[in-house]
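Number of protein chains: 4
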Amino acid sequence: MLSFECDYNVGAHPALLARLAETNLIPAVGYGFDEFSDSAKAKIRAACADPAADVWFAVGGTQVNLLAISSMLRPFEGVVSAVTGHINGHEAGAIEYTGHKVLTLPHHDGKLRADELTAYLEGFFADKEGAPHMVQPGMVYITHPTEYGTLYTKKELAEIRAVCGRFSLPLYLDGARLGYALACPSSDVTLPDLAALTDAFTIGGTKCGALIGEALVFPRGKSPAAFFTQMKQRGAVLAKGRAVGVQFDALFTDGLYERIAAGAIEKAEKLRAAFLRLGYRLHIDAPTNQIFVLVSNERMEALAQSVRFTWWEKADEGHSVIRFVTSWATTDEIADALISLLESHGQAV
Amino acid sequence: MLSFECDYNVGAHPALLARLAETNLIPAVGYGFDEFSDSAKAKIRAACADPAADVWFAVGGTQVNLLAISSMLRPFEGVVSAVTGHINGHEAGAIEYTGHKVLTLPHHDGKLRADELTAYLEGFFADKEGAPHMVQPGMVYITHPTEYGTLYTKKELAEIRAVCGRFSLPLYLDGARLGYALACPSSDVTLPDLAALTDAFTIGGTKCGALIGEALVFPRGKSPAAFFTQMKQRGAVLAKGRAVGVQFDALFTDGLYERIAAGAIEKAEKLRAAFLRLGYRLHIDAPTNQIFVLVSNERMEALAQSVRFTWWEKADEGHSVIRFVTSWATTDEIADALISLLESHGQAV
Amino acid sequence: MLSFECDYNVGAHPALLARLAETNLIPAVGYGFDEFSDSAKAKIRAACADPAADVWFAVGGTQVNLLAISSMLRPFEGVVSAVTGHINGHEAGAIEYTGHKVLTLPHHDGKLRADELTAYLEGFFADKEGAPHMVQPGMVYITHPTEYGTLYTKKELAEIRAVCGRFSLPLYLDGARLGYALACPSSDVTLPDLAALTDAFTIGGTKCGALIGEALVFPRGKSPAAFFTQMKQRGAVLAKGRAVGVQFDALFTDGLYERIAAGAIEKAEKLRAAFLRLGYRLHIDAPTNQIFVLVSNERMEALAQSVRFTWWEKADEGHSVIRFVTSWATTDEIADALISLLESHGQAV
Amino acid sequence: MLSFECDYNVGAHPALLARLAETNLIPAVGYGFDEFSDSAKAKIRAACADPAADVWFAVGGTQVNLLAISSMLRPFEGVVSAVTGHINGHEAGAIEYTGHKVLTLPHHDGKLRADELTAYLEGFFADKEGAPHMVQPGMVYITHPTEYGTLYTKKELAEIRAVCGRFSLPLYLDGARLGYALACPSSDVTLPDLAALTDAFTIGGTKCGALIGEALVFPRGKSPAAFFTQMKQRGAVLAKGRAVGVQFDALFTDGLYERIAAGAIEKAEKLRAAFLRLGYRLHIDAPTNQIFVLVSNERMEALAQSVRFTWWEKADEGHSVIRFVTSWATTDEIADALISLLESHGQAV
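Residue numbers (numbering that gives the first Met the number 0), protein chains in the order written: chain A, 0 to 348; chain B, 0 to 348; chain C, 0 to 348; chain D, 0 to 348.
Keep in mind the hints are simulated off the structure, nothing from the lab. A hint or two may mislead.
Once the Cα atoms are required to be at most 16 Å apart in a straight line, the calculated EDC-like pairs of lysine to aspartate or glutamate come out as [unchecked claim]:
(1) Lys313/D x Asp126/B
(2) Lys153/A x Asp192/A
(3) Lys154/B x Asp192/B
(4) Lys313/A x Glu121/C
(5) Lys313/B x Asp126/D
(6) Lys313/C x Asp192/A
(7) Lys42/C x Asp53/C
(8) Lys313/D x Glu297/D
(9) Lys221/D x Asp53/D
(10) Lys154/A x Asp114/A
(11) Lys313/B x Asp53/D
(12) Lys127/B x Asp53/D
Beta-carbon label-pair distances, calculated as ranges [what the hints assert, rightly or not]:
(13) Arg165/C x Ala314/D: 54 to 64 Å
(14) Ala45/A x Arg219/B: 50 to 60 Å
(15) Lys127/C x Ala45/A: 44 to 54 Å
The model shown is predicted, which means the values in this text are computed figures rather than measured ones. Where a beta carbon is used, it is the ideal one built from N, C-alpha and C, also for glycine.
Bound conformation, chain A alone (with noise of 0.2 Å):
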């Protein structure tokens, strides 16, 4: 059976183990401020092309969005994201759950669009009398890439950078899956951007590459307060924090992390070509390591009895969009194997 239902489903990049492996008994402090961690948080500031950069680990998307998220706003504040925002639909109201409320804006194939932040705000502040019954905006949350695999521009993120500023809001960026926009050759967007652009963003390590483990990265040293004891307070602290920060030292030794990415992103390329070229339609144009392609359902059933891809939804009654996700795990011959068995299933109508 092949795997292409996400991009978590195997375990580490084998240098990360090899790394954990060599530093295994060397005694070091606790609570991620041992020489590991460290060392991985000087290369990362490096990769930022941000020196004073602060940066934090954690251990999961849902964990480090929390965090984030309730540190930077204050208590009568809720945060605006796309509707189709991860954190507002597929994180269990862990945002609510630290009392802040999601407001959703509409989104464009997972994209914010800094027209519509705009007038949002501009409504919003414009209400003298009803907005202090209101939650008030504190914070703006994209995601990149978003959960269409879809990237903003460097330009589409300077125009809601301005937006942010504007109304003096901190921009937050969810890069759960980052290494594989940064690794896209028609992206233009690089870290040091994202340093320049943000207030605040994730660079993702479970799905590229680790074992566990997230990089939240507050640019120009501007961490909320008593960060590490907000962490604590809300189960994020590890004991052995040198478990993420060795993974991360890894991952940004050596460009290891855009590398294993790009390898993602050609096989997806190169399935990309083969859905089309099997007159496939993909049911959205998206760069990165997801691929959402719409089936009749007679063909979804037959394609899963030899291969695990994603449900995403329905389409109409006879058709469904699925989803197939290469990895920096998917080798030639897994992503070959994958052609070959779409084409013995032949043209797709």
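Guided by the hints, dock chains B, C and D onto chain A, whose structure is given.
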């Protein structure tokens, strides 16, 4: 420099790293529903002699405490703890952050006493007029080993259990260092006892051989409602749940968990004997892997040149209590090196 | 200047003030356990034809909503509401502050539709894989009258009740303006119907004759556990609970509550007829004490010189929706004065 | 049956009811922005000799405490209180429900001591390694009068203020019974002193003449950000804010607030003298309107036939501490009736 400051200063037991490497590229489903986690859970159930037990994995001690407590309490309830309980002083208000008060009782070398618990609960529930204005005790929290390295006897646990039963309060046992309790020759408490006597307990991995990870057991299958969703909501679900599952699977294979803890206890016994032989006074008579020693401040400073330990508390103007901790990773060589060092400093006076 | 901007711009119905004065110096026990509150509760139970109902008093609408919702939901659950529901947009995130998400469905003139509710719930609970990562719907919230002044029919309520029953979800009805619903000649919904069809509902006092106060009814005696303590915990217990109890006792003596609301409905009908006669278009056809009128911006500004109303929303570049509200305090003289004013401005076009 | 069990067992001072009646039908804007509330605020500012002070109105003591504390603390901070502080034991966990820990220090007849506060804060902030794992003290809470009816001197307040200043912690004073403190001849603390020495304090209405209502003062205009929205979010905004505003306007007209409290102090003095004359021992020597008397259990039961008082605590097997409370509503006739009753029971011994 020797390292005796804690039991989480190195990585994982090599058997666990080996198992992570072996299983690394086997595709598995996410979120803790993988085959490795399933296998680990089955082994834990067997070790607890509770075939119906629910087992969940989390990454750290504060996280698992806040998960268990916030999901077992109703909104108007608090958790009863010894004033020295880890949740009361050293978890940055993680319990209060979930909306619940920690209700404190006196400690006796770190332990709650059944008679004092009874007196408190009788007093509370007898006060028909005042009680509704106060936080209702909703569960009882104990640590085993305690923060002072002491242990409950089976009889003491049974007494506390009986009090809990009388007032219909669940009993939760924080076993962050449980391995060292189970491995203690003088202790009569076993995993099946814990499964029989508590409503929830943890089996600490981080301090007992794992890189990260704690197991949370709900005996007799009594997980709080929608516990997976509650974990997700607190940021405690790992996309790669296997990361912890594989480790616990190894820890519970062929008795590794208790076996490696036994080594630590043996080294602690040896050190304790050496301290006594050299005229040191032990601050607390505790049988597990933590040794609390009363020293003059001069001696403390002298030792600090060659060995890392933890400053615990001030005893009087000229003396301090310091803590030495052994772990599964403390070899005979390391223990002997400390003994030689102590000998080189002569009698404690 | 005429005042039609809301139904809470004057004090209390004189009968309530008189009763407060009469009882003022009679000593009574605190916290809502006084004889006046007891009497009020008995009268409300009788009016609801539910002798077992639990009745509690709170001071305001947001407070009573957050009390009911946060005490009826489990930690991992959210409350389903029309997107226009008061709790969603106009209560400053009070529900989220208690840790719960508001799950929104489309509205139809402010109302939820049973078929859309069914489709949402069926979809949620059918998604065995995705649902545990999402906020679980835990109760249904509706307003009656709605934010648009519209009313559910008894049949519509019964349909929603049936959906709730099928999915074991409690139904909570926010009756901040309930008096005006009960007094509506075209409505077939009575207090006993609400007691039979909901799991909790409020009887608004503040907008229907009281100085302050809302009654919260749990039919059939089904209060959430330790509800008094939960009220105290949210700051909602008054030392002098009598302050609200006395008022509800007066409101539920000799049918005062519905009687004074009927006056408001009568005046609203008269005004509605006048608007239509003068060529105004009603934005929503609602039978209660709120009148939503579509006007040109010029006319709006002209009227604003002599009467206070509420700006509701922009209709198009040249037109707005404005709201006029009657109350128990709107006399025939006041209503006639508005009609004269309208007549003096001539036809609406 | 005489009633001395509390100071909130009757309604409002007649002057307040009269003012509510007079203003009843005057239309006013909602949410506390009405002319009556404005007038009350101006008078309170004048009484505090702080023209820039922000004043807000809430309905009850627990509510105003949770509002002030939750809006003044950052997420990782707790509030320092004497262990006997009202927020610690008698408010059902309202502070913890907002996510914050109450950090307790010993009490001395209900009071915090500046030296003990200093020692705690010095110890906390000196512990660079441990402190980040603990709840950070974020403000100091005191009650005046305390739960034991005792008062801080101006010097004691200034000392606590100095400690707070040294550690940059705001000082919040809970004045639920403030009137009785201000009216105490032996007290040297005035409203302008409170405005000068605290960062926030309350002026209790409920126990000092109002039907409901507490004023919350932020001296020098230092309200927490978006305080109105934070009030709304906790359910503390009244649509008819006038209900409290009118009462405080009356209380602060012609010195009514202190004047009626002075009557209560006078009666308390008279009763205290009678108790002492009859051989009773006072448990605490407190100068305000609460009298704590040590009695044999037989005498307690005998008195309970004719007068309501509060059982406070057990003194020993045969004795109890009971509390008698006077209020603005305690007339000379009522006080004399209690004295006659006491005399009829003879000497205390």
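Consistency of the hints with the structure:
1. Lys313/D x Asp126/B: holds (12 Å)
2. Lys153/A x Asp192/A: Roughly 8 Å separates the two Cα atoms, so the pair holds.
3. Lys154/B x Asp192/B: Since the Cα atoms of Lys154/B and Asp192/B sit roughly 11 Å apart, the hinted pair holds (cutoff 16 Å).
4. Lys313/A x Glu121/C: holds (15 Å)
5. Lys313/B x Asp126/D: The given pair, whose Cα atoms are some 13 Å apart, holds under the 16 Å limit.
6. Lys313/C x Asp192/A: Not OK: Lys313/C and Asp192/A at ~39 Å, beyond 16 Å, violated.
7. Lys42/C x Asp53/C: holds (12 Å)
8. Lys313/D x Glu297/D: Between Lys313/D and Glu297/D the Cα gap is close to 13 Å, so the pair holds against 16 Å.
9. Lys221/D x Asp53/D: holds (7 Å)
10. Lys154/A x Asp114/A: holds (13 Å)
11. Lys313/B x Asp53/D: violated (45 Å)
12. Lys127/B x Asp53/D: violated (40 Å)
13. Arg165/C x Ala314/D: 54 to 64 Å: With Cβ atoms ~59 Å apart, the hint holds.
14. Ala45/A x Arg219/B: 50 to 60 Å: Since the Cβ atoms of Ala45/A and Arg219/B sit about 53 Å apart, the hinted range of 50 to 60 Å holds.
15. Lys127/C x Ala45/A: 44 to 54 Å: holds (45 Å)
Of the numbered hints stated above, those contradicted by the structure are hints 6, 11, 12, listed in ascending order.
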